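Trainee: Okay, here's what each chain looks like letter by letter:
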Amino acid sequence: MRRRSVLGLGGGIAALGLTLLAGWWQVDGPGASGRTDEARPLPLTEMDFALIDHEGQPVGPETLVGRASLVFFGFTFCPAVCPTTLADVSGWLADLGEDAARLNVVFVTVDPARDDVKAMAEYVGYFDPAIRGWTGPEEQIARAVEGFRATYERVTTDDSYTMNHTSSVFLFDAEGRFVSTVDYHEPREFAVPKIRRAMGLETKRAT
Amino acid sequence: MRHAARSMLAALLLAPALATGAWAGSDDVVVENAWSRASIGTSRPGAAYMEVRNAGEEAVTLTGLQSDLAMVSEIHRVTTDDRGVSSMAPAGAIVIAPGETVAIAPGVMHVMLMQLQRPMREGESFPLTLNFSDGGEVPVPVPVLGIAARGPEG
Ligand SMILES: [Cu+2]
Numbered sequence: 153m154r155r156r157s158v159l160g161l162g163g164g165i166a167a168l169g170l171t172l173l174a175g176w177w178q179v180d181g182p183g184a185s186g187r188t189d190e191a192r193p194l195p196l197t198e199m200d201f202a203l204i205d206h207e208g209q210p211v212g213p214e215t216l217v218g219r220a221s222l223v224f225f226g227f228t229f230c231p232a233v234c235p236t237t238l239a240d241v242s243g244w245l246a247d248l249g250e251d252a253a254r255l256n257v258v259f260v261t262v263d264p265a266r267d268d269v270k271a272m273a274e275y276v277g278y279f280d281p282a283i284r285g286w287t288g289p290e291e292q293i294a295r296a297v298e299g300f301r302a303t304y305e306r307v308t309t310d311d312s313y314t315m316n317h318t319s320s321v322f323l324f325d326a327e328g329r330f331v332s333t334v335d336y337h338e339p340r341e342f343a344v345p346k347i348r349r350a351m352g353l354e355t356k357r358a359t
Numbered sequence: 708m709r710h711a712a713r714s715m716l717a718a719l720l721l722a723p724a725l726a727t728g729a730w731a732g733s734d735d736v737v738v739e740n741a742w743s744r745a746s747i748g749t750s751r752p753g754a755a756y757m758e759v760r761n762a763g764e765e766a767v768t769l770t771g772l773q774s775d776l777a778m779v780s781e782i783h784r785v786t787t788d789d790r791g792v793s794s795m796a797p798a799g800a801i802v803i804a805p806g807e808t809v810a811i812a813p814g815v816m817h818v819m820l821m822q823l824q825r826p827m828r829e830g831e832s833f834p835l836t837l838n839f840s841d842g843g844e845v846p847v848p849v850p851v852l853g854i855a856a857r858g859p860e861g
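Residue numbers (this note's numbering), protein chains in the order written: chain P, 153 to 359; chain R, 708 to 861.
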């Protein structure tokens with residue numbers, strides 16, 4: 153009896169339960185800490201987008217291959233999350249010292265309508281000089297975001313709009329392979345060891 | 708316009724509290740380590756941070772704040788979902804238990820300063836007033852640090 157019900161309707165329910173469990177595991181459960189394959193950014197060598205840096209030079213994923221890279225998305229009208237990330241990244245670069253010179257550091261806007269080359273140049277100029285600001289046509293930004301498996305969304309406010317976006321900092325090795333992220337809510341002291349790992353440097357013990 | 712309407716509404720709501728002379732709680736509020744980042748012009752919203760400590764013996768409720776620097780000032784809470792997407796939303800009234808400190812700090816909350824009336828210049832400061840449910844107001848001078856500041860020390 154029992155066996156038969158498992159094979160019949162019960163089996164279907166059990167399978168559904170497993171599916172729901174798997175969903176929970178990935179979304180809220182312990183599985184959330186590890187990225188599933190579909191959420192994992194592509195290698196930079198498999199991405200395809202064409203943008204412009206804050207000095208007007210054409211750039212793309214190929215620009216980043218050859219050195220380890222730190223890439224994050226944002227917009228210059230962002231009141232809190234983005235300046236915090238840019239300030240944190242500037243601090244990590246200072247902590248890395250001379251090693252920072254061997255890292256690509258890129259801030260990609262998700263708001264190209266307001267963040268043209270001039271706006272990006274002015275904005276990144278306030279932070280560590282190693283930080284490059286990338287902008288470009290909306291559809292190319294969308295392709296970049298897709299390659300990183302990131303998201304962004306325009307949200308209307310009373311008199312204007314703001315952008316919700318992936319706030320994680322993405323780390324890639326020198327071959328362009330995705331290594332890890334530094335998430336916005338993560339303790340900031342984890343960042344420098346993660347960056348050093350992406351760069352293939354030994355990670356010093358925290359002092 | 709909107710700001711004026713809000714102030715009027717706040718005044719109406721707070722009138723009964725004033726009438727009964729209920730001021731006690733917010734008298735014991737101490738605001739420390741206030742800071743903000745310089746703005747680029749006035750078209751972008753600004754953000755300020757601080758720690759609000761309740762040194763008294765009864766709970767207080769922070770209901771809002773205002774400044775002549777911005778048409779609208781609100782406390783926003785930042786949440787990051789499991790996909791790493793951050794968004795912000797008004798924090799609503801914040802109850803601070805006796806002896807507790809609420810940190811309006813990067814990564815968690817910020818005072819959002821919308822429709823800046825003048826640029827926020829590094830080295831200057833601006834006045835902000837915290838409003839409490841007992842009708843009390845706590846004025847706070849907020850220093851403006853550089854755009855790349857990470858905390859009250861710069
Ligand atoms: Cu906000």
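In short, the hints are calculated from the structure, not lab data.
The structure displayed is predicted, hence computed values, not measured ones.
Just so you know, not all the hints are guaranteed correct.
Cβ pair distances, simulated, as ranges [to be verified]:
id, chain 1, residue 1, chain 2, residue 2, range
1, P, P345, R, D775, 27 to 35 Å
2, P, E327, R, E844, 34 to 42 Å
3, R, T836, P, E290, 35 to 43 Å
4, P, E338, R, G799, 24 to 32 Å
5, P, R254, R, P859, 53 to 61 Å
6, R, D735, P, G208, 43 to 51 Å
7, P, D268, R, G853, 20 to 28 Å
8, P, A191, R, E831, 39 to 47 Å
9, R, G799, P, R306, 22 to 30 Å
Glycine included, C-beta positions come from ideal geometry on N, C-alpha and C.
Trainee: Please go over all the hints and tell whether each is borne out by the structure.
Mentor: Here's how the hints hold up against the structure:
| no. | hint | in the structure |
| --- | --- | --- |
| 1 | P345/P to D775/R: 27 to 35 Å | violated, 45 Å |
| 2 | E327/P to E844/R: 34 to 42 Å | violated, 58 Å |
| 3 | T836/R to E290/P: 35 to 43 Å | holds, 41 Å |
| 4 | E338/P to G799/R: 24 to 32 Å | holds, 26 Å |
| 5 | R254/P to P859/R: 53 to 61 Å | violated, 33 Å |
| 6 | D735/R to G208/P: 43 to 51 Å | violated, 56 Å |
| 7 | D268/P to G853/R: 20 to 28 Å | holds, 23 Å |
| 8 | A191/P to E831/R: 39 to 47 Å | holds, 44 Å |
| 9 | G799/R to R306/P: 22 to 30 Å | holds, 24 Å |
The structure is inconsistent with the numbered hints 1, 2, 5, 6, although it conforms to all the rest.
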